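As a plain string of letters, each chain reads:
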Amino acid sequence: MKANPRDVNSGTYYMDGDVAAGYGALAAGCRFIGGYPITPSTEAAETFARIAPKAGAVFIQMEDELGSIASIMGASWSGVKTMTITSGPGYSLMMEAIGLGAMIEAPFVILNIQRGGPSTGVPTKTGQADMMQARWGSHGDYEVIAIAPDSPQELFDYTIKAFNLAEKYRCPVMIMSDECVGHMSEKVVIPPAEEIEIEPRRFYNGPKEKYLPFKPDKDLVPKMVKAGDGYNLYITGLIHDERGYPIKNQIEKGKSQKLPTRRLVDKIRLNADKIIELAEEGMDDAEVVVVSYGISYRVAIRGIEIARGKGIKVGHLRLITVWPFPDKKINELASKVKAFVVPEINYGQVVFEVERCSHGQANVVLVPHGGAGVHDPDDIAEAIEYAAKEKKKIRKVIEWKTRLEKFVFEGGYKLNK
Amino acid sequence: MAKIPQKIIHNYLRHRKQFPHVWCPGCSNGIILGAIIRAIDELKYERDDVAMISGIGCSSRMPVYVDFNTLHTLHGRALAYATGVKMFKPEMKVIVITGDGDATAIGGNHFIHACRRNIDLTTIVVNNNIYGMTGGQYSPTTPTGDIATTSPYGNIDPVFDICKLALGAGATFVARTTAYHVIEAQSFIKQALEHKGFSIVEIMSACPVIYGRLNKKGDAPAMMREMKENALPLEKFDELAPEEKQGKYIRGIFKQEIFPEYTEKYAELVASLQRE
Ligand SMILES: Cc1ncc(C[n+]2csc(CCOP(=O)(O)OP(=O)(O)O)c2C)c(N)n1
Ligand code: SF4
Ligand SMILES: [Mg+2]
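Residue numbers (my numbering), protein chains in the order written: chain X, 1 to 417; chain Y, 1001 to 1276.
Be a bit skeptical, because a hint or two may be false.
[Claimed, not checked] Each computed DSBU-like pair below joins lysine-lysine, with the alpha-carbon atoms no more than 30 Å apart:
| # | chain 1 | residue 1 | chain 2 | residue 2 |
| --- | --- | --- | --- | --- |
| 1 | X | Lys406 | Y | Lys1017 |
| 2 | X | Lys54 | Y | Lys1216 |
| 3 | X | Lys54 | Y | Lys1217 |
| 4 | Y | Lys1017 | X | Lys125 |
These are computed hints drawn from the structure, not numbers from a lab. Predicted model, so just to flag it, every value in this text is computed and none were measured.
In isolation and in its complexed conformation, chain X is listed as follows (with noise of 0.2 Å):
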């Protein structure tokens, strides 16, 4: 299906990421969004409240972020598509109902523009310390869709995938990107409505009868209707069958083995490789491999430079997708190559999953950043060179000393023994 011409505003224009990200939102056909200011995440909500109305679409501005995710469920479940947009503190108050949107399958959007935290920490300046918190925020078990871009541009393309994912897999999809992006301007092309592809919402339109809210199809997602349409909806957070009704009672008396649970995991795992996008250059002869994701992927690029004019072979791969996790992507690397270098805006998420994923076939090194800003290149060259020196297989993730890290701390604190 192609974007509705009413919402798409085709044109060049010099903006920011975040003003990109409303004008994406828009445009993937996102009828609501209620949102809560903050810092460095506002530009895109008030974007969308400029240019929603005129489109026939809704902002609201909620009295906190704990009402802003539970209305855009509301009217997920009204059927529309929706999005919320926050960062920091205010990701943080939407824990609880990412788990709620996760049990009910409503297809939606949050936009995190990552600041420096924890708590209120540096709320003008960047961060990408909240990656692991959108795998695990909420609890219990759950999967999402996380995507990081890496400009203005993508804020406005991988908005619009982040809705078409929405729809398709019917689990929280998270843009996470940080207020480097969010505040860089650059030229974005907003394409005619014609070149835009719009996942439509997988209505179900068999007999009212038959129709079973949580019945999935092959691909483990099942279809939704409307509520009001008369389909006596049965919606709950509680663990439900596939009309929605709770099931403890069947479980406790063993009479269902099929946890749902199970479902809303493996959907996103079994279709893990259809979900996964990822980015690589350079990697025919690598000896080290840059992983990378959001902001990090662009100063990394210059590090390699650097590397490579040093006579270093080093490969490029840049996580899109950063959930699900390219698990076999990393795997099937890791046997080939000697080491992987991680920069991060922290002090150490993403690596951890590489070192998972390698297996111990490959050193991995964590070149960690405390945030309010990016790496130096040359760091991220330095660690590259010492990943291509190092000899020995280290066992651990490797903490690559920055300029940074020693100018503040001198090489670490010494605990008392």
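Since the structure of chain X is provided, determine the placement of chain Y with the ligands on it from the hints.
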């Protein structure tokens, strides 16, 4: 010679705190902080006996500049933090500084429940009719029809009357004034601090740089003049014909009542159980 008021403020500023502060020129936050400090000074509280707790916002930055027991917490949650402090330091004067958004949007639930409990906290709600810190989004007190960055075509939401909300929820001291009426503000704050039970003083405040600019309210003096003209004592307000009331509002003390206070009730409960 009597100390000039400016000097009193200086006694309480954190001297090692880096100045300048974050506030824009013409902002009322400094005036209101001055009134709070002078009220505390006149009451001769020891600074160690005062806790100043705030959420997040321009107004919520007040406690970080003054040398009381500062707790700069989370957006909307200051009253809940303060409840914890007060339960274990009932002898302390616990002051909560909060903005209109902080108190009545994200913190609305804590606000009504703190009122209802009648716990002995003094809450200063700095109402500038906007989210100042995040750059001008509408708050629950942005007048209907006004422009904010998230209501570029005019706000369609009806507004909260914060004092009525507090009255309805059970606060036992409720007052409103403005940053223009600074002597009155100081007096209301003093009475609120001396009140046993949940007290709230709503202080209307000028945000010329964000709210004023978005709504063409003129500069800071113009906004002060507007407060002078629009905020009327109850008697004066009542004399007005209905059409003259447009845009005007009441300042004054709406309620001052003694009702059992929460920490005392809890202490009694403990005492009675331990006697058994
Ligand atoms: C959970 C959470 N959501 C959003 C924010 C962003 N934020 C900081 S201050 C603020 C609004 C402040 O408005 P108000 O309380 O009226 O204070 P003012 O700045 O106007 O004095 C917001 C939304 C935050 N810090 N935490
Ligand atoms: S934005 Fe408004 S409330 Fe905040 S400091 Fe500036 S003038 Fe004051
Ligand atoms: Mg305010």
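Hints, verified against the model:
1. X:Lys406 x Y:Lys1017: holds, 27 Å
2. X:Lys54 x Y:Lys1216: Distance of about 24 Å is within 30 Å: holds.
3. X:Lys54 x Y:Lys1217: Cα-Cα ~27 Å, so holds.
4. Y:Lys1017 x X:Lys125: Answer holds: Y:Lys1017 to X:Lys125 is near 22 Å, not above 30 Å.
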